[in-house]
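Protein sequence lines, in the order shown, are assigned to chains A and B.
Going letter by letter, the first sequence gives residues 0 to 382 in numbering that gives the first Met the number 0.
Going letter by letter, the second sequence gives residues 0 to 167 in numbering that gives the first Met the number 0.
Just so you know, the hints here were simulated from the structure itself, not pulled from any lab data.
Any given hint might turn out to be false.
[Stated by the list, open to error] Across the chosen pairs, the derived CB separations fall in these ranges:
(1) B:R125 <-> A:A81: 51 to 59 Å
(2) A:H195 <-> B:K93: 20 to 28 Å
(3) B:R111 <-> A:H195: 33 to 41 Å
These figures come from a predicted structure and were not determined experimentally.
A virtual CB, placed ideally from N, CA and C, is assigned to each residue, including glycine.
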Amino acid sequence: MALHLSRAVRRVAHFSGISGSRCFAAVASFSVNNNLLKTLFYNQRHENSDTVFFYTTKRNFSVLTNKKNVPRKYCRGFSSPATGIDTNSNVQCVLEAVHKILEDAEIPEAETCSRYLVSQVLGSTKQFAYKEHLQQKLDNAQVEELNRLVACRLARMPVQYLAGNWDFREITLQVRPPVFIPRPETEQLVDIVLDHLPSKTSQRLLEVGPGTGNICLSLLHENPDIQVTALERSKMAADLTKENAKLLNLDQRLEVIEMKVEANTTLPPNSDQTPQPVQYDALVSNPPYVLRKDLISLAPEIYVYEDLRALDGGAEGLDVILNILRLALKYVKPDGLIFLEVDPCHPHILPLHLEKQALPFKIDKVLKDFQDKERFLILSRSS
Amino acid sequence: MFLILRRGFATHSSLLCTSEKIVVPPLKMKINKSKVPKIREKDLEEKYITGWGPGGQAVNKTLNAVYLRHVPSGVWIKCHESRSLDRNRKTARKMLIEKLDLKINGEDSVQRQEERLASHKKNLKREKTRLKYEERRKEKENQSEADQENSSKKEDSLKNIPEEIDKK
Chain A
0 MALHLSRAVR RVAHFSGISG SRCFAAVASF SVNNNLLKTL FYNQRHENSD
50 TVFFYTTKRN FSVLTNKKNV PRKYCRGFSS PATGIDTNSN VQCVLEAVHK
100 ILEDAEIPEA ETCSRYLVSQ VLGSTKQFAY KEHLQQKLDN AQVEELNRLV
150 ACRLARMPVQ YLAGNWDFRE ITLQVRPPVF IPRPETEQLV DIVLDHLPSK
200 TSQRLLEVGP GTGNICLSLL HENPDIQVTA LERSKMAADL TKENAKLLNL
250 DQRLEVIEMK VEANTTLPPN SDQTPQPVQY DALVSNPPYV LRKDLISLAP
300 EIYVYEDLRA LDGGAEGLDV ILNILRLALK YVKPDGLIFL EVDPCHPHIL
350 PLHLEKQALP FKIDKVLKDF QDKERFLILS RSS
Chain B
0 MFLILRRGFA THSSLLCTSE KIVVPPLKMK INKSKVPKIR EKDLEEKYIT
50 GWGPGGQAVN KTLNAVYLRH VPSGVWIKCH ESRSLDRNRK TARKMLIEKL
100 DLKINGEDSV QRQEERLASH KKNLKREKTR LKYEERRKEK ENQSEADQEN
150 SSKKEDSLKN IPEEIDKK
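Generate coordinates for the entire structure from the input sequences, incorporating the hints supplied.
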């Protein structure tokens, strides 16, 4: 599991203390001196409090761990409170111990999380897989792995990143920080798109911000007649989308372009050298739509580990959405549809912005998610 | 269905004496799905285990268990097979239809039909194996009888030889 420690370091160092959670991770920046790290270590071992992640200089690392001549890129690790899990207890006891540790630390969803972690060290992705091994004892490697997972969870790392992969509709996607984890609401967006596409005709879709590739890969998996071009501004997300596409054997029909969608973006020239820009049949996106005021109250799982550029939609959450519509004006057919996942306030404030910015689009349909919130918009060109 | 089995038995037992190979034709039983109940979305009550808060991008929860209840009949299902909520919703609906089918149609439900078909196929297979070993056993017995005859004939021929030599 590749922890993007430097990003986590900067963010947690900035936000630590605000969360109020007793077991929030204290992360030491690589430029900090010995004493701070030593103090954190001392507190952690003697008061059994936080998990400490560190990524530090060679000298600091050798002072902390007594290991000499370790290459710089390996001068990282973590030190966490003792969990009391060992090879002597069976899976039932281990599960209860993990649950207690997480509950005492006020980690949300402690029960579900403990089941997922224990099932993961036993080799399964299913939550209740541990039930078949209740009397089994863990071996040394499994205990070490479980201790590592619990320490990371105590530092509020999302369970999806700990697992390294997560299910999305019919497919399983690799997930890793800081790429945005697919949310369950987005699964409905795929249903909506599939329902509105004509069947058995080849369609070319444009996606903005694939992230892990959940939307485009689900569409490609469930409809063999589509081709998707995905635009992604983050290199890490673009690489992950390509990796997932390859693992699912869907890379032939997917093109990922690393670029940011702004007010006046133009797509790069077509790979087949045709002069006219491609006119896509539809556009789909789960763009960053969180309002700036809501960004402050995000859970640590999100603001420490996930890329906030995938969430921040500006003051009213519409910055990226409006840029996407400007892009659609140039590259989507006049009768093509635009499918968006949005914040529940957007169906009410978007029409005003469309008028102000003179964007010739209208909202055809507003659809609710499984929580009865207005989550999805279908837009089309208004003549 | 049971009649066919009996007929099969009868055919085989009458041909036991022969050493011909008996081929049992495959049984063409179809599952009758016409009685499977259809459910309407508005009759269903769906709950996701504990609330989600504001939802959307601002929340990251792993809870994906679905609780589905068919209000008119009271049948309910809890599904947490997959880590995907959408998948669990669809699986929950299939499981609910199966459970309703079992409750309403009883012995005529698809599940019971499939169980009967599976046990019938198992019985046929068992019978086929039993007959195969019966045949082999018979062949061995015939073979051993033939061997005994041959060996007794040989002994007789051996007894004759000394007299002839003596005569010479």
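Requested in this report: Just tell me: holds or violated, for the beta carbon distance of R111 (chain B) and H195 (chain A) against 33 to 41 Å?
Outcome: 40 Å, holds
Requested in this report: Go ahead and decide if the range 20 to 28 Å is satisfied by the Cβ distance of H195 (chain A) to K93 (chain B).
Outcome: Because 24 Å falls inside the window, the suggested range holds.
Requested in this report: Note whether the CB distance of R125 (chain B) and A81 (chain A) lies within 51 to 59 Å or breaks it.
Outcome: 58 Å, holds
In this structure, every one of the numbered hints holds.
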